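Participant: Spelled out from the first residue to the last, the chains are:
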Amino acid sequence: MAFASPQITALAVEATEYPDLARKYRVTGVPKSIVNDAVEIMGALPQDMFVEQALSALDPSPQ
Amino acid sequence: MGLLSPADQDKLRDAFSEMTSRVKIVFFTQTLGCETCLQTRQIIDELPVLTDQVSIEEVNLVLDADKAKAFGVDRVPALAIVGVDAQGDESDSRIRFVGTPAGYEFISLVQAILLVGGREGTLTPENRAKLEAVTEPITIQVYTTPT
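Protein chains in written order, with our numbering: chain V, 1 to 63; chain H, 1 to 147.
Quick caveat, the hints were computed from the structure, so don't treat them as lab data.
Nothing here was measured: the structure is a model prediction, and the numbers come from that model.
C-beta atoms are modelled at their ideal positions from N, C-alpha and C, and glycine is treated no differently.
The reader is advised that the hints may include incorrect statements.
[What the hints assert, rightly or not] The list that follows gives simulated cross-link-like pairs (lysine to aspartate or glutamate, EDC-like), each with its CA atoms no further than 16 Å apart: (1) H:Lys130 to V:Asp59; (2) H:Lys67 to H:Asp92; (3) V:Lys24 to V:Glu40; (4) H:Lys130 to V:Glu40; (5) H:Lys130 to V:Glu52.
[Stated by the list, open to error] Derived DEER-like restraints, expressed as beta-carbon distance ranges: (6) H:Gln9 to V:Arg26: 36 to 42 Å; (7) H:Gly88 to V:Gly29: 40 to 46 Å; (8) V:Arg23 to H:Asp52: 39 to 45 Å; (9) V:Ala44 to H:Ser5: 34 to 40 Å; (10) H:Ser5 to V:Leu58: 39 to 45 Å; (11) H:Val62 to V:Arg26: 26 to 32 Å; (12) V:Gly43 to H:Glu120: 40 to 46 Å; (13) H:Glu18 to V:Gly43: 36 to 42 Å.
Just chain V, same shape as in the assembly (with noise of 0.2 Å):
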């Protein structure tokens, strides 16, 4: 998704290596998804729910 849009940055983070950043984030299970720090998607889904899911932090209204 990154490579396909330069306002996407996309970081692949080790959370063993980040004990802090796995507890700010509560996760719990991998793979874990934090977008924008205002989505949070848990597991790996097909690609359409992912993206859906992904541009929903960018959606104003209320979740």
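Take the given structure of chain V and dock chain H to it, following the hints.
Facilitator: Below, chain H alone, put in the same frame as chain V:
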């Protein structure tokens, strides 16, 4: 002795032979206080041995703070995957690895290198269009473990 088996080296060599452009791994490290930096360096050092399409640039988080900031890196070890075209111009793919790229993450690292090196991505045309239409910054952090 390398970390990769001869069979794995052969598979990677084959995969890298299809790259149509070069990729630079910008490796962010620091001299003290980074227990996994050496291990990360050892892992990524396996790659340029297998192809001249992959190179490594080491950046010290403290001594090259401006460069680290430009890449949005504030923790080490970290990797940024950068495309290098035929003219030598560099293009940040905005793909980062934070922490040691071990286990399954090594596979993700290789896939990222191949993608930036010219392999066709797996996004559907519809999803690609949605992403290309994004006008605000999005940061996606994917938390993983090595196994």
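Participant: Sort out which numbered hints this structure fails and list those numbers smallest first.
Facilitator: As far as the earlier hints go, 4, 9, 12, 13 are violated by this structure, in ascending order.
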